[in-house]
Amino acid sequence: MKLGPRDASGYFARPEPARTGLLIYGNDAMRVALRRQEVIAALIGPQGETEMRLARMLAADLRKDPARLLDAIKAQGFFPGPRVAFVEDATEALATPILAALADWQAGDAQIVVTAGALKPTSKLRKAFEGHGNAYAAAIYDDPPSRSEIEAMLGKAGLRDVTPEAMVDLVTLSRALDPGDFRQTLEKLSLYKIGDGAAVSPEDVAVCGPASTEADLDDVLNIVAEARSGEIGPIMKRLRAQGVQPVSLCITATRHFRTLYTAASDPGGPSQGIARMRPPVFGPRRDRMIRQAQQWGASRLESALVLLTDTDLHLRSAGQTAPQMALVERALIRLAMMGAAR
376 MKLGPRDASG YFARPEPART GLLIYGNDAM RVALRRQEVI AALIGPQGET EMRLARMLAA
436 DLRKDPARLL DAIKAQGFFP GPRVAFVEDA TEALATPILA ALADWQAGDA QIVVTAGALK
496 PTSKLRKAFE GHGNAYAAAI YDDPPSRSEI EAMLGKAGLR DVTPEAMVDL VTLSRALDPG
556 DFRQTLEKLS LYKIGDGAAV SPEDVAVCGP ASTEADLDDV LNIVAEARSG EIGPIMKRLR
616 AQGVQPVSLC ITATRHFRTL YTAASDPGGP SQGIARMRPP VFGPRRDRMI RQAQQWGASR
676 LESALVLLTD TDLHLRSAGQ TAPQMALVER ALIRLAMMGA AR
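Going by my numbering, 476 is the number at position 101 of the sequence shown; the sequence numbering is gapless.
Because the hints were derived from the structure by calculation, they are not lab data.
Since the model is a prediction, treat every value here as computed from it, not as a measurement.
Every residue, glycine too, gets a C-beta built ideally from N, C-alpha and C.
Check before you lean on any hint, since a few could be wrong.
Claimed, not checked - No farther apart than 25 angstroms at their CA atoms in a straight line, the calculated lysine-lysine pairs in the BS3-like style are these:
{"id": "1", "residue 1": "K502", "residue 2": "K449"}
{"id": "2", "residue 1": "K495", "residue 2": "K531"}
{"id": "3", "residue 1": "K499", "residue 2": "K439"}
{"id": "4", "residue 1": "K377", "residue 2": "K499"}
{"id": "5", "residue 1": "K439", "residue 2": "K502"}
{"id": "6", "residue 1": "K449", "residue 2": "K439"}
{"id": "7", "residue 1": "K531", "residue 2": "K502"}
{"id": "8", "residue 1": "K499", "residue 2": "K449"}
{"id": "9", "residue 1": "K568", "residue 2": "K377"}
{"id": "10", "residue 1": "K377", "residue 2": "K502"}
To be verified - Computed spacing ranges between beta-carbons, pair by pair:
{"id": "11", "residue 1": "Q620", "residue 2": "G492", "range": "39 to 47 angstroms"}
{"id": "12", "residue 1": "P455", "residue 2": "L433", "range": "24 to 32 angstroms"}
{"id": "13", "residue 1": "G506", "residue 2": "G644", "range": "48 to 56 angstroms"}
{"id": "14", "residue 1": "L688", "residue 2": "D436", "range": "52 to 60 angstroms"}
{"id": "15", "residue 1": "A482", "residue 2": "D553", "range": "32 to 40 angstroms"}
{"id": "16", "residue 1": "D464", "residue 2": "R709", "range": "51 to 59 angstroms"}
{"id": "17", "residue 1": "G533", "residue 2": "P609", "range": "12 to 20 angstroms"}
{"id": "18", "residue 1": "R603", "residue 2": "M405", "range": "40 to 48 angstroms"}
Work the whole structure out from these sequences, hints included.
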């Protein structure tokens with residue numbers, strides 16, 4: 376039988392132990408793996424693998440020993456409880472032993488869980504599970520999780536009190552990250568909030584979200600974008616001491632100002648422009664960048680990008696003799712003064 380996308384989420388969380396089997400297939404191996412982990416954990420419980428109620432086999436194992444799956448579903452363990460025989464990364468070449476196990480399955484045998492990549496409608500594996508009266512086939516699509524799925528994931532992580540603003544950030548983050556990274560972010564958020572009775576805020580999401588590649592340079596970029604030219608010298612000394620390379624600093628500054636320019640040029644305004652960014656920008660950093668884009672405007676930001684591009688070309692010029700960090704510092708001071716001009 377087919378499991379549609381709406382029914383599949385509920386079934387993965389609460390599978391039926393008396394079913395013959397379940398086929399989970401799709402293009403995204405990570406999404407398929409996460410769903411498989413969820414359903415097997417729900418079937419056998421947290422101690423199932425320790426109690427040897429899970430028989431795991433790779434496709435190569437079954438190819439070498441076609442009877443291995445049938446033996447696994449019939450084997451009786453020492454511990455009571457539901458059992459699972461799991462075949463990972465199955466292909467059409469394994470249709471014969473898997474179909475034989477489906478046909479020979481009886482009540483009390485281990486449930487068969489099979490994962491596979493994309494399967495055509497004519498696939499023998501897919502047709503066997505879809506046409507079976509006591510088994511399911513579930514296709515996993517590349518769509519990001521729905522809000523209800525995110526809420527369920529938050530509940531499992533013990534995060535039941537989330538502000539509406541933080542939920543918006545989490546939904547945005549779920550669309551930008553792959554499923555495994557998003558789940559790790561929720562786990563990190565859960566650990567971060569241990570002992571904290573306050574609701575999850577956008578600031579919490581920003582702290583636990585994926586680290587920005589510009590995180591170490593945010594201070595100097597904000598100083599420049601906010602026209603605080605007098606603070607550039609001291610922070611540049613710290614960056615030099617940390618070994619930051621001039622070209623890297625110039626590239627990062629260009630990326631920051633290009634983001635501001637994109638936001639300022641958006642027909643819906645800087646707020647809408649920042650909201651469309653990928654990867655997403657969260658919490659206080661998002662609000663700060665919106666203010667910067669509003670203060671600069673698209674025209675001055677375009678001039679800023681021209682200045683940064685010229686500086687980058689000078690840094691890469693073979694005949695350049697001036698100290699590179701001094702060139703970058705001069706460009707940043709000019710940018711700050713440009714931002715202060717009205």
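Is K377 within 25 angstroms of K502, Cα to Cα?
Since the Cα atoms of K377 and K502 sit roughly 10 angstroms apart, the hinted pair holds (cutoff 25 angstroms).
Pair hint K499 and K449, alpha-carbon separation not exceeding 25 angstroms
The hint holds at about 23 angstroms.
Starting from the hint 32 to 40 angstroms, judge whether the C-beta atoms of A482 and D553 obey it.
39 angstroms, holds
For the pair P455 and L433, does the Cβ-Cβ distance stay inside 24 to 32 angstroms?
For L433 against P455, whose Cβ atoms are near 27 angstroms apart, the range 24 to 32 angstroms holds.
Given the proposed pairing of K449 with K439, does the C-alpha separation stay at or below 25 angstroms?
It holds: about 19 angstroms lies between the C-alpha atoms, which stays within 25 angstroms.
Just to be sure I understand the hint, the distance between the Cβ atoms of Q620 and G492 should be within 39 to 47 angstroms; is that true here?
Roughly 42 angstroms apart at Cβ, these two residues keep to the hinted range, so it holds.
Run the distance test for K568 versus K377: straight-line Cα separation, threshold 25 angstroms.
39 angstroms, violated
Given the hint of 40 to 48 angstroms, is the C-beta distance from R603 to M405 inside that range or not?
43 angstroms, holds
So if I understand the rule, the pair passes when the alpha-carbon distance is 25 angstroms or less; does K377 with K499 pass?
The given pair, whose Cα atoms are some 14 angstroms apart, holds under the 25 angstroms limit.
Given hint K449 paired with K502 - CA-CA distance at most 25 angstroms
Satisfied, since the Cα-Cα distance of roughly 24 angstroms is no more than 25 angstroms.
Hinted pair, alpha-carbon criterion (25 angstroms max): K495, K531. Please report holds or violated.
Given pair K495, K531 is violated - Cα atoms ~34 angstroms apart, limit 25 angstroms.
Need the status of pair K439, K502: alpha-carbon distance at most 25 angstroms?
24 angstroms, holds
Going through the hint list in order, the structure does not satisfy hints 2, 7, 9 and 17.
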